[in-house]
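> Here the protein sequences come in this chain order: A and B. Sequential numbering of the first sequence, starting at 216, is according to our numbering. Sequential numbering of the second sequence, starting at 381, is according to our numbering.
None of these hints come from the bench; they were simulated from the model. Quick caveat, the model's predicted, so the values are computed rather than measured. Any given hint might turn out to be false.
[Unchecked claim] Taking lysine-lysine and the DSSO-like style, the derived pairs with C-alpha atoms no more than 30 Å apart in a straight line are:
#1 Lys288/A x Lys307/A
#2 Lys528/A x Lys288/A
#3 Lys398/A x Lys592/B
#4 Lys398/A x Lys307/A
#5 Lys563/B x Lys528/A
#6 Lys592/B x Lys435/B
#7 Lys307/A x Lys289/A
#8 Lys563/B x Lys829/B
#9 Lys435/B x Lys398/A
[To be verified] Not close to chain A: a few residues of chain B, all C-beta gaps over 10 Å, as computed:
#10 Ala411
#11 Pro560
#12 Pro564
#13 Met777
#14 Leu794
[To be verified] Only part of the chain B face toward chain A is listed, based on derived beta-carbon distances under 8 Å:
#15 Phe421
#16 Pro648
#17 Ser852
Note that CB positions come from ideal geometry on N, CA and C, so glycine has one too.
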Amino acid sequence: MISLRQLAWLSALIVPVSVAQTLTVYTYDSFVSEWGPGPQLETLFEAQCDCDLNFVGSADGVAMLNRLRLEGKKTQADVLLGLDNLILEQAKREQLVQPHGVDTSAVSAHLEWTDAEFVPFDYGYFAWVYDTTRITTPATSFESLIASDARIIYQDPRTSTPGFGLMVWINQLYPDSANHIWKGLAPLTETVSQGWWEGYSLFLNGGADYVLSYTTSPAYHILAESDQRYAAAPFSAGHIAQIEVAAISAQSQQPALASQFLSFLISPEAQAVIPTTNWMLPVIDGVALDPAFDGAAPERTLTVDPLQVLNEKTNWIRAWRSAVAQ
Amino acid sequence: MAFSRRAVIPWLTLLPAVLASTIAVWGLLSARRESFDLGFFTDPYFVSTLTFSLKQAALSCVLALLLALPVARALTFMPQLFGRRWFMTLTALAFVMPSFVLITGLMILLGANGWLNFGDPRPWSLFGLQGILLAHVYLNMPLAVRVLYQALQSVPQDSWRLSQQHRLTGWQRWSHIEWPAIKPHVGLLAAFIFVLCFNSFAVVLTLGGGPKSTTLELAIYQALKYDFNLSEALLLSVVQAVIAGSVLLAAGYSGKSSLFRIAVQHRPTGLAVSVANALGHRLVYAVAWVFLLLPIVAVMIKALSHGTQLQGIPLLAATGQSLLIAVSAALVAVPLGWLMLWPARHFQGTHARIALWAEWLALHHMVIPTLVIGVGWFAFWVSRIDINRASIPLLVMLNALVLVPFVVLQLKPLLVLWDQQHRRLLGNWRPNLWHRFFIEWTFIVPTLKPLFALALVLALGDVPLFALFGQSDQPTLTWYIYRLAGSYRLDQAAQAALMLLLLSSLLIYWMEPRHANRR
Numbered sequence: 216m217i218s219l220r221q222l223a224w225l226s227a228l229i230v231p232v233s234v235a236q237t238l239t240v241y242t243y244d245s246f247v248s249e250w251g252p253g254p255q256l257e258t259l260f261e262a263q264c265d266c267d268l269n270f271v272g273s274a275d276g277v278a279m280l281n282r283l284r285l286e287g288k289k290t291q292a293d294v295l296l297g298l299d300n301l302i303l304e305q306a307k308r309e310q311l312v313q314p315h316g317v318d319t320s321a322v323s324a325h326l327e328w329t330d331a332e333f334v335p336f337d338y339g340y341f342a343w344v345y346d347t348t349r350i351t352t353p354a355t356s357f358e359s360l361i362a363s364d365a366r367i368i369y370q371d372p373r374t375s376t377p378g379f380g381l382m383v384w385i386n387q388l389y390p391d392s393a394n395h396i397w398k399g400l401a402p403l404t405e406t407v408s409q410g411w412w413e414g415y416s417l418f419l420n421g422g423a424d425y426v427l428s429y430t431t432s433p434a435y436h437i438l439a440e441s442d443q444r445y446a447a448a449p450f451s452a453g454h455i456a457q458i459e460v461a462a463i464s465a466q467s468q469q470p471a472l473a474s475q476f477l478s479f480l481i482s483p484e485a486q487a488v489i490p491t492t493n494w495m496l497p498v499i500d501g502v503a504l505d506p507a508f509d510g511a512a513p514e515r516t517l518t519v520d521p522l523q524v525l526n527e528k529t530n531w532i533r534a535w536r537s538a539v540a541q
Numbered sequence: 381m382a383f384s385r386r387a388v389i390p391w392l393t394l395l396p397a398v399l400a401s402t403i404a405v406w407g408l409l410s411a412r413r414e415s416f417d418l419g420f421f422t423d424p425y426f427v428s429t430l431t432f433s434l435k436q437a438a439l440s441c442v443l444a445l446l447l448a449l450p451v452a453r454a455l456t457f458m459p460q461l462f463g464r465r466w467f468m469t470l471t472a473l474a475f476v477m478p479s480f481v482l483i484t485g486l487m488i489l490l491g492a493n494g495w496l497n498f499g500d501p502r503p504w505s506l507f508g509l510q511g512i513l514l515a516h517v518y519l520n521m522p523l524a525v526r527v528l529y530q531a532l533q534s535v536p537q538d539s540w541r542l543s544q545q546h547r548l549t550g551w552q553r554w555s556h557i558e559w560p561a562i563k564p565h566v567g568l569l570a571a572f573i574f575v576l577c578f579n580s581f582a583v584v585l586t587l588g589g590g591p592k593s594t595t596l597e598l599a600i601y602q603a604l605k606y607d608f609n610l611s612e613a614l615l616l617s618v619v620q621a622v623i624a625g626s627v628l629l630a631a632g633y634s635g636k637s638s639l640f641r642i643a644v645q646h647r648p649t650g651l652a653v654s655v656a657n658a659l660g661h662r663l664v665y666a667v668a669w670v671f672l673l674l675p676i677v678a679v680m681i682k683a684l685s686h687g688t689q690l691q692g693i694p695l696l697a698a699t700g701q702s703l704l705i706a707v708s709a710a711l712v713a714v715p716l717g718w719l720m721l722w723p724a725r726h727f728q729g730t731h732a733r734i735a736l737w738a739e740w741l742a743l744h745h746m747v748i749p750t751l752v753i754g755v756g757w758f759a760f761w762v763s764r765i766d767i768n769r770a771s772i773p774l775l776v777m778l779n780a781l782v783l784v785p786f787v788v789l790q791l792k793p794l795l796v797l798w799d800q801q802h803r804r805l806l807g808n809w810r811p812n813l814w815h816r817f818f819i820e821w822t823f824i825v826p827t828l829k830p831l832f833a834l835a836l837v838l839a840l841g842d843v844p845l846f847a848l849f850g851q852s853d854q855p856t857l858t859w860y861i862y863r864l865a866g867s868y869r870l871d872q873a874a875q876a877a878l879m880l881l882l883l884s885s886l887l888i889y890w891m892e893p894r895h896a897n898r899r
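This is chain B alone, in the form it adopts within the complex (with noise of 0.2 Å):
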């Protein structure tokens, strides 16, 4: 029986995430003054805004998949590629890219007057559904490549040998190689970054030019600080959550919930490439380089062509701020995703549903805006705690409880793997606690560090949080760079995103593993 007693315990790790959302939804409930009007969800706005969201986010998955795909491919198939472990810390990184440094990166090429938008009239506007796609696919391709490339490296050699001795077409490997390699993948990761762009928040914010782009999330936004309306906000959440969390569950259902992991590392498929195939695969992956790298140089070369105006004590110290408090989320969040994994794994053979809903529970602060988590929590605790005092140990569990969706989509494959390799050894020996946790420690401590500084590039993005328990005399990075670019400090907020984003470049690159480069 699930429920026994023995059952208990593992659901008992799930009980911060829950507590957290019932904390929220409390707050929230208690300290709304309108009643809940139904009568929106009929409305021309609401409806128009719903079908943008979908719209916006299914495309932007579509074109993700699509574009990921020959760049997967090409890592695959050749042997050597000029700056392969470079361009692998580039797609992490990008897809780890606080957002607003992308979109300054993509205002200074694609702009009014941008370097690359030039000519009367101008081609391109950055505004609108074609901008929130460019900075979607730019956020979440480098994600699907790395998937789908992980995918097709599980291939073994000798498969790829046996496709080269029976002389298969290209559309033949790709039919009975290839796609059932990724094919376990992509409901999930298609799941998953139709998700991130449904939720997406700061590149709606900036990029969708006014009220003909607004999504559901942007909606949230302005029921919440704008009409400080909390009953129309709480419903909007939940018909968020409603999408986003079914689609995860369908992906859940639909395939055999393989969850993916990102670090990446290179084995050679031992095929020989022919000429024009290694072209085409040299051209993509040089492509692919130029459209990952461009923005990131273009926000540079804008910091750096005005010379240093930064202040450096404020800046240290905001880093120092930014650092002190990811640091904490992202070492509370990885146990606790480790942990809450537990009654999703115990689960696992037995009651596959059970496991899929306890999954689904520890994912599920993905699909709740950050906002409502944080003004829910703000108006449960105002009352009880003094928040400007507690205002840290806030942002470290806030910061955490996002984080956690992601440490528990790295860590499950993995701890999935672990269990099918371990599960009757662990039934006759039945090891206590410690020994378990000593077990497994040692089984997944090589993907904690890459994890611990995903996790910890994450939180340093963080601006919704921050704005609500931040103590102002104490800034983070982030915060920082809006205060200077609320004074008319353009420059220096460049210059300061661009200090942000070295940081973010250096725990990146200490995260790839290091012998992946070898060959």
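So here's chain A without its partners, still in its complex pose (with noise of 0.2 Å):
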């Protein structure tokens, strides 16, 4: 049976749609489904833009890089949205972005940000979420959670956003003992999971007392399914964020429109919408929040520099491997 959909998909292979201007945004799955930021996004930027928006979604940030690597020249991307602080210095030396041109000083001072190429959209906090219920005090710093008795699940830094936020939160306190780190928490360790919702849905199943998350994590539950119960732990030495970033595709061919749609995201509309879709934090000051959100920016956090994690990755991934694998 072929639904009306698919129908309406055929009939656009044989005849050629063509609309004056489209951007093409390449972003990951989650955000362009029907209950991530994209629908409402588009609706709110097409109303403005006299264009068509047309999200184009991968599995993840990576995929989408790698489509872009893969289709290099040939790419139809105009904006890539998605990837995050962590990895972005890759995506300057592969050369894939172009300078925005974009005005970012609306962007919350403490996020100190300042690159000419990525333009910020939102942010959260790596941290270990637990259940309320079954912890009543929970770790405060990674000796404290290596001296108790919990169970813990993280994901593989190699495969998952998550997983490489831990190893250079880790081997950002501790520079010369990240090794003694892995190793502590290895005994705890019920599993080491691909992708953050492998090991996120072990966790909500009762399959550990820890897993690393967001600090925003909690605050979907409590709006979503109005579930008091989870809570992300804050670690006193503090912890590090994820900033997720848009740039201009270096083979685009309406830089001007791609750079109206990266000031559209740092816009209060559009930053109204992304923290309960997307559950993250606003990267701009004065949007109204909701008290659930109250415990997302923790008291102390840690500045990252992307080229140092560019450089030492593999060196990190490597001790962390024969430092859990033993």
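Two chains, each in its own frame: build the complex with the hints.
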């Protein structure tokens, strides 16, 4: 049986549709799903740009990057949306992006954003999320986590953004003894999952006491499920942020329109959509946030040098692998 | 001479599969940036990865066969078994079950808070080698049961009767009748299960539990996706294809290359079964039932315990999209597999070795990781066509390629039999191609329905190909499940997974021969 949508699709194969201006935005799949920010942002932007906004979803940020690499000069992407501060240097080194020319002065001062090619659109902090009905005194540091008899789940740093974040976080806090922390975490580890959701769903099903996720994860349970059970453990030594970013593709033939979209992304109306659709924090000040997000900003934050991440990641992964594989 | 002009035509049928692989390798070679670095072959991590791949595949294979044997015997010897037809449906379903549905079921049962994993400290962890073995046994033991059962069914009733008249002991009967009946099938069956486990992806990905349990397939995935090191991925694939391919070839050389059919019909042996033996058989049968059913029941209970929250329309659209791709892929794969057996059959009687290689070529997509073909195709086509527009045709073609080996394995024993029966007749008659096709068609048509259903269900489980070529606004059911799960909507994901399971069950039920349960 062929649905109407498929018929429409089939006819699109035969009849080329020509719209004056189409802005093609490469992003990750959950951004464009019906409950993600994509549909609302599309409506808002198309109302002001007189253009057709076309999202192309990949499985995740890395898959999107690979797609660009394979497409090379043939890519149809105008905008890349959904890389983050930890891998943006890679995209720059491969010359996949061009300067955006967007005024980013509205971006909250504490993010210290000065990048000429990437515009941030949301952020969150990596944290260990736990179930308050099972853990009454949460860990406040990696040392106290290791000293507890809790079971933990984290993601593979080679295949998952939060897993990669954890690796950067540990190496940031313990530049000389990261190995020691990995070895300490190993006996507590229930499993190292490949992706965020495999680990997170295991945790929700009671598979562990802590799971590596974001400080914003509890807000989802509070707002979407009215469930107050989950919280993020605040670490006194500080947390590192994942800042999600967008950029103009190096191959884009309409950088002005792409730039307009990037400006729109950090506008108050777009930023208001993001917290309860992408479950991350807005990058500009003055966006009304539900109190459920109160715990999402940690007391102490750490800054990360993206260039150092790019240069060190292979060594870090090797160190993790040999510490954990024993 | 094997390569006379007339003999060239059959080879042409292998062209699609060979061309597809060539395109993939071409694409990867032209898109790679790193040169080939042979150094990693001596890297201890590569060595441990290879060792672990071999170890888990060998163990999975041996366990699946050893556990399947008593079940196949129980099915053979017991004239009356409650729910035999349902059991056979269950074995087919278990073999084609999307692995993430199985994994979800196993988690619910044996995960850290699993229903069956209680006590302090918890006796079991699902992650690591034991979890991988459990899942592999679940997925492959049912196949072994069906093949061994089928083999035992081929023993003539007279043999059974004679064994009773001569009062053979159990051991004698095993060594004189049962083992000779299953022996020609064991080599290929073991090779087939070994290759499936050696190339297993989702199970190892989810249940491996970390870098300790990495397989070659997983290393290829990591090289392709996260390091974007196409050269390394190619080299690893070559290693993987050489190992898996040699295992298949060796199985072909060693045995009589007996391929198996998966559809099974029951024929009673006519043997009387002692009370003690009957009890043993019934016990084995009951345990097998519980083992195969438990994960499915677990997923059902979990999915239904939260009330329905699914949105009907996206779910139906996704199901429609899945069916569109899977039905088309199965429709392409079945005739393609049939055609691709032509050269192997052509040389069967005269050039056995050439026939074996021809068969290997028809099967070779079984040993190449789907992701490697997918990425290679993407790299090749991206500069030549508009991939977004060609999404559905590309998905259909690639899914069909993945299905072809299964079609070949299923059709070959039938067609070989047909050739044996008709070779002389056809030699005199020399019918034209169209007549020949028509005669063959009437012969294999009863097999086509189950074959089509099996191929269809296998294609429904595809994730890696859709991830590359799919359109995110036209998700398939599996993709939709991943999307739900990836956005915190885990209960809905379980419900959608249940829907997939039901759809697969219906198709499998439809595939089983109706008259199998008459007695």
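> For which of the previously enumerated hints does the structure constitute a violation, in increasing order of number?
4, 5, 10, 15 and 16
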